[in-house]
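Asks: Each chain, written out:
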Amino acid sequence: MATEIVRLEVARYSPEHDATPSFQSFDVPLRKDWVVLDALNYIKDKLDGSLAYRWSCRMGICGSCGMMVNGEPKLTCAAFLTDYAPGPIRIEPLRYFPVVRDLVIEMTDFLRKLHDVKPWIIRDAEKPLAEGEYLQTPAQLDAYKQFSMCINCMLCYAACPVYGLDPLFSGPAAIALAQRYNMDSRDQGAIERLHILSQHEGIWGCTFVGECTRVCPKHVDPAGAIQQYKLTAALEWFKSVLLPRGQQ
Amino acid sequence: MPERPKRPKEPFFWTLFSAGGVVSAFLLPVHLFLFVLAFPLGWLEPPAHDTLAQLARHPLARLYLFLLCSLPLFHWAHRFRYTLYDGLQIKHLNEMINVFCYGGAIIGTGVAAYLLW
Amino acid sequence: MSSAPRYTEHHPRWYRERVSTYWWLWRWNYLKFVLREISSVFIAWFVLVTLLQFRALSSGAQAYAQFQEWLRSPGILLLHLIGFAFVLFHTATWFGLAPAALVVRLGGKRVPAALIVASNYAAWLAVSAVIAWLVLRGRA
Numbered sequence: 001m002a003t004e005i006v007r008l009e010v011a012r013y014s015p016e017h018d019a020t021p022s023f024q025s026f027d028v029p030l031r032k033d034w035v036v037l038d039a040l041n042y043i044k045d046k047l048d049g050s051l052a053y054r055w056s057c058r059m060g061i062c063g064s065c066g067m068m069v070n071g072e073p074k075l076t077c078a079a080f081l082t083d084y085a086p087g088p089i090r091i092e093p094l095r096y097f098p099v100v101r102d103l104v105i106e107m108t109d110f111l112r113k114l115h116d117v118k119p120w121i122i123r124d125a126e127k128p129l130a131e132g133e134y135l136q137t138p139a140q141l142d143a144y145k146q147f148s149m150c151i152n153c154m155l156c157y158a159a160c161p162v163y164g165l166d167p168l169f170s171g172p173a174a175i176a177l178a179q180r181y182n183m184d185s186r187d188q189g190a191i192e193r194l195h196i197l198s199q200h201e202g203i204w205g206c207t208f209v210g211e212c213t214r215v216c217p218k219h220v221d222p223a224g225a226i227q228q229y230k231l232t233a234a235l236e237w238f239k240s241v242l243l244p245r246g247q248q
Numbered sequence: 001m002p003e004r005p006k007r008p009k010e011p012f013f014w015t016l017f018s019a020g021g022v023v024s025a026f027l028l029p030v031h032l033f034l035f036v037l038a039f040p041l042g043w044l045e046p047p048a049h050d051t052l053a054q055l056a057r058h059p060l061a062r063l064y065l066f067l068l069c070s071l072p073l074f075h076w077a078h079r080f081r082y083t084l085y086d087g088l089q090i091k092h093l094n095e096m097i098n099v100f101c102y103g104g105a106i107i108g109t110g111v112a113a114y115l116l117w
Numbered sequence: 001m002s003s004a005p006r007y008t009e010h011h012p013r014w015y016r017e018r019v020s021t022y023w024w025l026w027r028w029n030y031l032k033f034v035l036r037e038i039s040s041v042f043i044a045w046f047v048l049v050t051l052l053q054f055r056a057l058s059s060g061a062q063a064y065a066q067f068q069e070w071l072r073s074p075g076i077l078l079l080h081l082i083g084f085a086f087v088l089f090h091t092a093t094w095f096g097l098a099p100a101a102l103v104v105r106l107g108g109k110r111v112p113a114a115l116i117v118a119s120n121y122a123a124w125l126a127v128s129a130v131i132a133w134l135v136l137r138g139r140a
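Protein chains in written order, with my numbering: chain A, 1 to 248; chain B, 1 to 117; chain C, 1 to 140.
Certain hints may be false.
Calculated cross-link-like contacts (lysine to any residue; reagent style SDA-like; alpha-carbon spacing at most 25 Å) [stated by the list, open to error]:
#1 A:Lys239 with C:Leu102
#2 B:Lys91 with C:Ile38
#3 B:Lys9 with B:Leu116
#4 A:Lys118 with A:Asp38
#5 B:Lys9 with A:Ser185
#6 A:Lys32 with A:Thr3
#7 C:Lys109 with A:Asp187
#8 B:Lys9 with A:Pro86
#9 A:Lys44 with A:Glu72
#10 A:Lys118 with A:Gln188
#11 B:Lys91 with C:Val34
#12 B:Lys91 with C:Val41
Honestly, the hints are just simulated from the structure, not real lab data.
Sequences and hints are given; from them, build the entire structure.
Replies: Spelled out as structure tokens, the structure:
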């Protein structure tokens, strides 16, 4: 019984040998329950063990396996081979990030920008343990829940042309996560984050292309987060102009 | 208490961009349909010159025209500035671009104010 | 191509692809985005036309009639038809994106995006009707 085949064109880059990436073709069985990640694992197991790529949970929650599949940022554990049949399927490393080797990218820039927005609960003073836990109503949870679903997969960065063009732009996920904490009723750090993000580019480089929201596998809607944040920043700006004292 | 950073300029320009976007979206289509398409092409009988001139003299009409001409220019300025940054990748010329865009909008606003006063 | 390993002191030589000047042509969504941004140029042009038209109006019936003639010239008409399409494109995209920026909560629940978009269109129709009525009612 002949197995159907699908061809994968996989980007290869080896800093030892190559000045620029090239493509290597592999023929992989077209199984209807296989995703692109399964195909890459098949390649590594049976065809070429030197292929380098990241993956972990294989179920769309760890955010490790983001790559460009036919020019689209995708989690390879969520991209079914049959959706791309008859192929060939082009696999490249996530766009707008430096390539370390093959499909592995360098993500320090994202991690730094994420750290800069202080993605944790900021309090003026910690509540003593004896006073019990912070209470939150379902409505208060609803205010930020969507933005908390981010798995840091960086597909939005690969979709955002401004991130590719402007090194100062914080990027969709970082801003969405800043909003996640700004909108959290337990958080008191909104002004602190605003000073970081509203300076220089931060959020203002965003021109609302909207691709980040379209490619997000967890429906976080970072574009919405950014526009809402721009509105907040603008209101804060006018408040600081019209009421110069009486600010913290 | 950490020192307060200086007030950023971007929120102000973004607000002007948004206001201009709203005015362009809501008011420009009907205005253009009437004055640039329907009347010149004869799809609708245009008002007589005297009637139109009298209507345009009304202070509210002048305010409407001023907003119609000024805010969309700031909308263009902000949007075109970023189009030049990202489209042509000439962000290193940002000072020149800013002067051209916002300067253009300010000049246009000045002309509008002069004509409509 | 084989050469000495491309290693700097602490990490291997990364490959950084330069973003092409024509990045916006490579994906349909990027092209739609750039067209949306270009609509602002037509908006600026129409502001200029409006100012010129007002000046002609204030200068008398003959000046105004001449301006109307200019508006009727084929090149200008074609430009204005295209420009008008771009202005409508701006309106449509502006209303379409409004729900992302304007989060309205009523009774704890978020107002659906479709309702916000529809409200914008309804307001647009109402405002347009009022303006059209104000302009057209003076005709004999």
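Asks: Evaluate each hint against the coordinates.
Replies: Evaluated hints:
1. Of the supplied pair hints, the one linking Lys239 of chain A and Leu102 of chain C holds, its CA atoms being roughly 19 Å apart against a limit of 25 Å.
2. A threshold of 25 Å between alpha carbons decides the hint, and for Lys91 of chain B with Ile38 of chain C the separation of about 18 Å falls inside it, so the pair holds.
3. Between Lys9 of chain B and Leu116 of chain B the CA atoms are separated by roughly 29 Å; this puts the pair beyond 25 Å, and the hint is violated.
4. At roughly 36 Å between alpha-carbon atoms, Lys118 of chain A and Asp38 of chain A are farther apart than 25 Å, so this suggested pair is violated.
5. At roughly 29 Å between alpha-carbon atoms, Lys9 of chain B and Ser185 of chain A are farther apart than 25 Å, so this suggested pair is violated.
6. Proposed proximity of Lys32 of chain A and Thr3 of chain A is supported: the alpha carbons are some 11 Å apart, at most 25 Å.
7. Restraint check for Lys109 of chain C and Asp187 of chain A: satisfied, since their Cα atoms lie roughly 21 Å apart, inside the 25 Å limit.
8. This hinted pair does not check out: Lys9 of chain B and Pro86 of chain A have alpha carbons roughly 52 Å apart, beyond 25 Å.
9. This hinted pair checks out: Lys44 of chain A and Glu72 of chain A have alpha carbons roughly 22 Å apart, not beyond 25 Å.
10. Taking the CA atoms of Lys118 of chain A and Gln188 of chain A, the gap is about 12 Å. The hint holds against a cut of 25 Å.
11. Among the hinted pairs, Lys91 of chain B with Val34 of chain C is consistent with the structure: their alpha-carbon atoms are about 17 Å apart, no more than 25 Å.
12. Only pairs whose Cα atoms come within 25 Å are accepted, and Lys91 of chain B paired with Val41 of chain C is accepted, the gap being roughly 19 Å.
Taken one by one, the earlier hints fail for this structure at numbers 3, 4, 5 and 8, listed in ascending order.
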